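Throw the hints in and build the complete structure from the sequences for me.
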Amino acid sequence: MKIYCLKALFSLACLLLSHSALAKVECVSLRSVLEADDDICESLSQAAETCFARLNKEFYRLEKVKKSAEKVRAINELIVDYEREIKKLNEDFFPTMSKVGGDGRACVDQYAEIEVWANEMQKDLNDLKQMK
Amino acid sequence: MRQTQNQAFFLIATFLLIGLCTTPDSAVAKKCGRGCQRTMDNACTVEARLWAAAEQAIKQGIRVTSCCRSPQYNALLRQCGYFPAKRSAHMSGQAIDLIVSPRNCNSGYLQRIGFPPVCPYYHHGHCHVQTRCGTAASAAQARAKSQKRAQKVRDYNRSGRGGDWNEQGRSRSSRRRNYATPKPWAETFWSEVAR
Chain A
537 MKIYCLKALF SLACLLLSHS ALAKVECVSL RSVLEADDDI CESLSQAAET CFARLNKEFY
597 RLEKVKKSAE KVRAINELIV DYEREIKKLN EDFFPTMSKV GGDGRACVDQ YAEIEVWANE
657 MQKDLNDLKQ MK
Chain B
421 MRQTQNQAFF LIATFLLIGL CTTPDSAVAK KCGRGCQRTM DNACTVEARL WAAAEQAIKQ
481 GIRVTSCCRS PQYNALLRQC GYFPAKRSAH MSGQAIDLIV SPRNCNSGYL QRIGFPPVCP
541 YYHHGHCHVQ TRCGTAASAA QARAKSQKRA QKVRDYNRSG RGGDWNEQGR SRSSRRRNYA
601 TPKPWAETFW SEVAR
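Chain order of the listed sequences is A and B. Heads up: the first sequence is residues 537 to 668, going by this note's numbering. Heads up: the second sequence is residues 421 to 615, going by this note's numbering.
Careful: at least some of the hints might be erroneous.
Within a straight-line C-alpha distance of at most 30 angstroms, the following computed DSSO-like cross-link-like pairs (lysine-lysine) qualify [claimed, not checked]:
1. LYS506/B <-> LYS659/A
2. LYS572/B <-> LYS600/A
3. LYS659/A <-> LYS565/B
4. LYS603/A <-> LYS565/B
5. LYS635/A <-> LYS506/B
6. LYS665/A <-> LYS565/B
7. LYS560/A <-> LYS479/B
8. LYS623/A <-> LYS635/A
9. LYS668/A <-> LYS607/A
10. LYS479/B <-> LYS624/A
11. LYS568/B <-> LYS623/A
12. LYS668/A <-> LYS568/B
13. LYS568/B <-> LYS560/A
14. LYS560/A <-> LYS607/A
15. LYS506/B <-> LYS603/A
16. LYS560/A <-> LYS624/A
17. LYS659/A <-> LYS635/A
18. LYS572/B <-> LYS659/A
19. LYS568/B <-> LYS624/A
20. LYS603/A <-> LYS668/A
21. LYS665/A <-> LYS568/B
22. LYS506/B <-> LYS623/A
23. LYS565/B <-> LYS506/B
24. LYS479/B <-> LYS607/A
25. LYS623/A <-> LYS479/B
26. LYS602/A <-> LYS565/B
27. LYS624/A <-> LYS600/A
28. LYS565/B <-> LYS624/A
29. LYS602/A <-> LYS572/B
30. LYS635/A <-> LYS624/A
31. LYS600/A <-> LYS479/B
32. LYS600/A <-> LYS668/A
33. LYS623/A <-> LYS572/B
34. LYS572/B <-> LYS668/A
35. LYS624/A <-> LYS506/B
36. LYS560/A <-> LYS565/B
37. LYS568/B <-> LYS659/A
38. LYS565/B <-> LYS623/A
39. LYS665/A <-> LYS506/B
40. LYS665/A <-> LYS603/A
If you're looking for bench data, these hints aren't it; they were derived computationally from the structure. Everything numeric in this text was worked out from a predicted model, so none of it was measured.
In structure tokens:
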């Protein structure tokens, strides 16, 4: 009996976790990344990677949820998050990296890395729009 | 009168408590200022040409604040309230930090005082000097590496495992679980369940 009760409780907890409301994903701002003590280029690249990883996690969580009004609402919210973060990369991160210095060569590799993260985010955003 | 005394006592106690909580752990604070080292914890060594230039700079009275950093030390710096990059060029021995004026933080000046070709930039009061200068070829390599990492992130997230992705490809929580010793209470609990 005890086992069945525990199993039921465990299943319920899993169900609740998988269907819990999707949290808003907001990544770090350029300002906070610039507070890094060194290697701004690397810090910016890592911030973009972490941002993609977090958004993408929500993307796959949402993909598994059955179609419903709730899901459409969550998709719309995630689209807003993706658009905001892509905008941040385009308007804040890229121009900053171009200005960092190092005779224009300090951030070259990390610039290319962030281009990848921005592209991946854009891919997810396109898929999200089709998911609706 | 008594109420005022109580309030004053409460205020003093609160300030003391805040002071106690915000004072850095002396052991940690002591370990934070390790300055410039060529090698650290057998984890990294500053490139020979960069190190030679750093020694030359020190002789000329320039302060070199940071050189090689081991992953442990980099992590420790975070505990001390600094924000070093997790994959900093200092960790591969390709960067050092100098105290020079922003005007002198350029490759021309640094080469004049004995540095090899570098890509320096001024940030937070110091000149970050790195030998890792990007080229079209290195950018292509970095792009390819990131694409592979992006695929790993996707695979990890698609699998629905808990925790957030990190560069080791494991979640923080699962990493903790791997190193943690099994708790006796947990063993008792699960053996109870199995019964």
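How the hints compare with the structure:
no. : hint                  : result
1   : LYS506/B <-> LYS659/A : 27 angstroms, holds
2   : LYS572/B <-> LYS600/A : 19 angstroms, holds
3   : LYS659/A <-> LYS565/B : 18 angstroms, holds
4   : LYS603/A <-> LYS565/B : 35 angstroms, violated
5   : LYS635/A <-> LYS506/B : 22 angstroms, holds
6   : LYS665/A <-> LYS565/B : 28 angstroms, holds
7   : LYS560/A <-> LYS479/B : 53 angstroms, violated
8   : LYS623/A <-> LYS635/A : 18 angstroms, holds
9   : LYS668/A <-> LYS607/A : 8 angstroms, holds
10  : LYS479/B <-> LYS624/A : 44 angstroms, violated
11  : LYS568/B <-> LYS623/A : 24 angstroms, holds
12  : LYS668/A <-> LYS568/B : 28 angstroms, holds
13  : LYS568/B <-> LYS560/A : 27 angstroms, holds
14  : LYS560/A <-> LYS607/A : 14 angstroms, holds
15  : LYS506/B <-> LYS603/A : 39 angstroms, violated
16  : LYS560/A <-> LYS624/A : 16 angstroms, holds
17  : LYS659/A <-> LYS635/A : 27 angstroms, holds
18  : LYS572/B <-> LYS659/A : 16 angstroms, holds
19  : LYS568/B <-> LYS624/A : 23 angstroms, holds
20  : LYS603/A <-> LYS668/A : 9 angstroms, holds
21  : LYS665/A <-> LYS568/B : 25 angstroms, holds
22  : LYS506/B <-> LYS623/A : 24 angstroms, holds
23  : LYS565/B <-> LYS506/B : 17 angstroms, holds
24  : LYS479/B <-> LYS607/A : 65 angstroms, violated
25  : LYS623/A <-> LYS479/B : 47 angstroms, violated
26  : LYS602/A <-> LYS565/B : 34 angstroms, violated
27  : LYS624/A <-> LYS600/A : 28 angstroms, holds
28  : LYS565/B <-> LYS624/A : 23 angstroms, holds
29  : LYS602/A <-> LYS572/B : 25 angstroms, holds
30  : LYS635/A <-> LYS624/A : 16 angstroms, holds
31  : LYS600/A <-> LYS479/B : 63 angstroms, violated
32  : LYS600/A <-> LYS668/A : 13 angstroms, holds
33  : LYS623/A <-> LYS572/B : 24 angstroms, holds
34  : LYS572/B <-> LYS668/A : 26 angstroms, holds
35  : LYS624/A <-> LYS506/B : 21 angstroms, holds
36  : LYS560/A <-> LYS565/B : 29 angstroms, holds
37  : LYS568/B <-> LYS659/A : 15 angstroms, holds
38  : LYS565/B <-> LYS623/A : 24 angstroms, holds
39  : LYS665/A <-> LYS506/B : 34 angstroms, violated
40  : LYS665/A <-> LYS603/A : 14 angstroms, holds
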